[in-house]
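Starting from the two chains in their separate frames, assemble the complex, guided by the hints.
This is what each chain is made of:
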Amino acid sequence: MIHFDNVSKVYANQNRPALDHVSVDVDKGEFVFLVGPSGSGKSTFLRLVLKEERPNSGAIHVAGKDLAKLSNFKVPHLRRRIGCVFQDFRLLPNKNVYENVAFALEVIGKPRRFIRKVVPEVIELVGLEGKAHRMPDELSGGEQQRVAMARAFVNRPMILLADEPTGNIDPATSIGIMKVLDRINRTGTTVLMATHDAAIVDSMRKRVVELEDGKIVRDQSRGVYGQAY
Amino acid sequence: MRANFIFSEVWIGLRRNLTMTIAVVVTVAVGMALLGIGLMINSQVSSLTSYWTNKVELSVYLCKKDSPFEECRNKGAITEEEKIALQTRLKAMPLVERVDFETQAEAYKLFTGQGVNPVLKQATRVEDMPESFRVKLRDPDKATEVVQSLQGAAGVSRIINTKDLANPFFDFLEKLRNMALAIAFIMVFAATLLIGNTVRLSAYNRRRETGIMRLVGASNIYIQLPFVMEGTIAGLIGGVFSAVLLIVTKIMLFDSIQGFMAVQLGWNSLAWVITLTMSIGVLICILASFITLRRYLRV
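From first to last, the protein sequence lines are chains A and B.
Just so you know, we're using this note's numbering here: the first sequence kicks off at 2 and counts up by one.
Just so you know, we're using this note's numbering here: the second sequence kicks off at 506 and counts up by one.
One chain only, chain B, in its complex shape (with noise of 0.2 Å):
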């Protein structure tokens, strides 16, 4: 096997189907950023799921005067027995890690500090802020439970689980990943086409050399592996492009959106997403080389 006369050939039908090639890398490349994208959000997904979980807790309301919560209409402001008591019930339950206190003037301070329209802080006084019980609960999925037990009792208004709050976040990443799923799948497809039809064509502009390789007895391997390479190696082109693109869609998108998802997406994560899709993008290129091949090259 001489290497340089292979890579001689592999070298010429490149630049012979030189628009072809092009349009080779720039569908493997966006179709693996794609598929990389996808990868990554759900990677995301899963380790922001853990993160609310693990942070999962109950905010119990409790009436003020004048609630316009139905649970507290008619009834008033809590009173401090009822206070107690619930606080006390709290304790006792099993499925309750700890408990803490909300006063309004903690309230306040921490509505104020997210960064909240001027104008609405400018009307909302200390006073319109509700008291709150924060239960942590020793299993999250068990909130339910606690929920429905806690309903109708004296003084409780609503009772909002933190990772309800979250939910429309997930059910928009996860259609963002459904979406960049779908084209990645298309844009395989496309780049499987477009593979087949370059090495068809290479095929057809080399039929000279291959028909004289075949004649003077060249192994098989030996004709078609500068038509498998060209290729491989233009998948592994696309697969460095979309490497780069992956790269710049973590710098540029999910670094700078941290903020909203408190959990970082590693470099490491995205190494391993890069591998995944390139190995992907240069394994299609094979296969379709060789299936092609096998239709359109006797040997």
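With the rest of the complex left out, here is chain A (with noise of 0.2 Å):
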């Protein structure tokens, strides 16, 4: 589902390479964590997945494709397959629940009735039925982390990468939102985790992929956070 031969990244103006020769092999409805400390290259890794950024050397294969070979003309089609959770949530805070999630459905030029249809299913599947009509700043940090859960899988993506998703959110809280991914991961959708947080990797015992400097140092099935941290 990600592949990641060999791959390279310097930014602009930088020395250090924010990934150093990247191999990764992720498949199909696998659930893993990508950890280590802030500047390792995590959130690098998961631009480069949706190709908002390229890498200098190496190839990335995403969903089947050759993203070198992706024309920019095709990237939107490949940014529908794929789901985006990130620490500060990123709500639209004029749209309540239902409308931040149908507005992912709006843009892609969806029809109304399908919008309807499925909507409400995803509000239910994460955790917010009744809460349809709340406004963001209505919600708790975990509730808005929930929306931006729903309006990334409303489209059902085969990738869903998430970003610190519990960085800002209390450890009980930070649980519902991982029950959800892992809901969200049965229905055979590709999980991608970057994370710092060491109880929640220890706690899912799933795969977990530790970069340092940009360099895999531990790629490991069923694994834990790691003594080091």
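Calculated directly from the structure, the hints in this document are not laboratory data.
Ideal Cβ positions, reconstructed from N, Cα and C, are used throughout, including at glycine.
A portion of the hints provided could be inaccurate.
Taking CB as the label site, the calculated pair distances span [stated by the list, open to error]:
no., chain 1, residue 1, chain 2, residue 2, range
1, B, Met-757, A, Met-136, 50 to 58 Å
2, B, Thr-780, A, Leu-71, 54 to 62 Å
3, B, Ala-508, A, Arg-184, 52 to 60 Å
4, A, Arg-135, B, Met-757, 44 to 52 Å
5, B, Thr-780, A, Pro-121, 22 to 30 Å
6, A, Lys-111, B, Asn-710, 48 to 56 Å
7, B, Thr-780, A, Arg-184, 37 to 45 Å
8, B, Thr-780, A, Gln-15, 38 to 46 Å
9, B, Asn-710, A, Gln-15, 26 to 34 Å
10, B, Arg-800, A, Thr-188, 36 to 44 Å
11, B, Ala-508, A, Ile-176, 37 to 45 Å
Which bits of chain B does chain A cover? Going by a derived footprint, with three or more residues having C-beta under 8 Å, they are [what the hints assert, rightly or not]:
no., region
12, 590-601
13, 719-727
Laid out in structure tokens, this is it:
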């Protein structure tokens, strides 16, 4: 599903590479934690998957497509198959829960009838039934992140990228978020989650890929966060 | 493509940037109106030119007793024989189409009929008016040839080409047109910058939305279209105002000086001018929006 082959990325005006000859394979339906300290290259990895950045060398395949050969014109179609969740939720403050989720479908031109059908379903999936008409500022952090997850998942992507989704949320609420991610994973969606949160990684017992200074230092199935931290 | 979604985005954008939108509308309206006025004057000048060219005739004034003009000095009034000789000569010229004789009485009637200053009218007698031959030419462009050949003939005073009388007026119209076009050009330039700025502000205001749109895979046209539409709609509203200004200008200005112009500016040419200026206005708005978006909206 996601295939990195000897990928390196150096940002302009920086000597040290953000990713240094990274090779990873993530299969369909896998749940993978991407761990490592700040600046280790986790976010760069996710941005490369979305083709927001281009690698300096190496090849990236996502959902069977070679990103180097994917024209800019087709990048939006790639992104429709990838859902994204961020630490800062990125909801639209002037739209309610339903409208925030529906927005993702409206802007890719889905018909209204389809939107009316699937949005309530996905709102229920993330556990926000009965809160469809709340505004984001009336929701807790955990609930806002659930809205973001509903938006990321509403188009049934093949891959869900989560960049520190529990970074702004207290540990008790984080468990609920992880349950939703697990539920999404069980529908067959590949989940790739970048995180610092040792407790969560340890409790989930999923595959762990650890980055340090842009290099993969560990790739372990059913792993834990690691003793070093 | 969901039209109502795009339109609601456009409406939100226009409302958020109300002051900038108004600035764009006003600039486009004034710029396009001036461009239109320039074009209207231009069409007026060309139809007037052909009108005057058709009417061109030479007035060949004849010497009378104590005529102050150099050509007649010390010669006295034209004699009857000279008059007949001149008329025969004129009629024999291949360039001449028709020759009419204007008597002193006729000239006086024409002069006083022009709404002349009453004091001047009282001081003028029929005997003060010169007699003349009115010469209509086959080819108005060859007037100088005829004038040159007649100059110095016995009994001929001044020869005046009626077209020369209209020349200062043409010069004035041309200056007016150039000025209107120059200001229109500056306004168009200002409008381009303003639209660019409006789109830039709009893109900044909506960076959250566009960021999410990019993320969920909205196509470029879906992301850019609301911004381009904002510019286009502002341009279109400006165009409507400029059309109103142009119609008012036609009625208030062009129709009221129609007496001088002798040629009316028709509604047809006004419609043409309005269509042209509106298209130019909208086109400029679309171009300015696209160029700005390429710089400020990463897709």
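Results for each hint:
1. Against the hinted window of 50 to 58 Å, the Cβ-Cβ separation of B:Met-757 and A:Met-136 comes to about 53 Å, which satisfies the hint.
2. Taking the beta carbon of each, B:Thr-780 and A:Leu-71 are about 44 Å apart, not inside 54 to 62 Å as hinted.
3. For the hinted restraint 52 to 60 Å between B:Ala-508 and A:Arg-184, the CB-CB distance of approximately 36 Å leaves it violated.
4. Our hint of 44 to 52 Å for A:Arg-135 and B:Met-757 is violated, since their Cβ atoms are close to 58 Å apart.
5. One distance hint, 22 to 30 Å for the beta-carbon pair B:Thr-780 and A:Pro-121, is violated here, with the actual separation near 50 Å.
6. At about 25 Å, the CB distance of A:Lys-111 to B:Asn-710 disagrees with the hint of 48 to 56 Å.
7. Distance hint check for B:Thr-780 and A:Arg-184: the Cβ-Cβ separation is about 60 Å, which falls outside the suggested range of 37 to 45 Å.
8. With their beta carbons about 56 Å apart, B:Thr-780 and A:Gln-15 fall outside the hinted range of 38 to 46 Å.
9. In this structure the supplied range 26 to 34 Å holds for B:Asn-710 paired with A:Gln-15, their Cβ-Cβ distance being about 31 Å.
10. Separated by about 41 Å at the C-beta atoms, B:Arg-800 and A:Thr-188 satisfy the suggested range of 36 to 44 Å.
11. As the Cβ distance of B:Ala-508 to A:Ile-176 is approximately 44 Å, the hint placing it in 37 to 45 Å holds.
12. With 0 residues having a beta carbon nearer than 8 Å to a beta carbon of chain A, the region 590-601 of chain B misses the requirement of three or more and the stated coverage is violated.
13. Evaluation of the coverage hint for the region 719-727 of chain B: fulfilled, as 8 residues show C-beta separations to chain A shorter than 8 Å, against a requirement of three.
Checked against the numbered hints given earlier, the structure breaks hints 2, 3, 4, 5, 6, 7, 8, 12 and satisfies all the rest.
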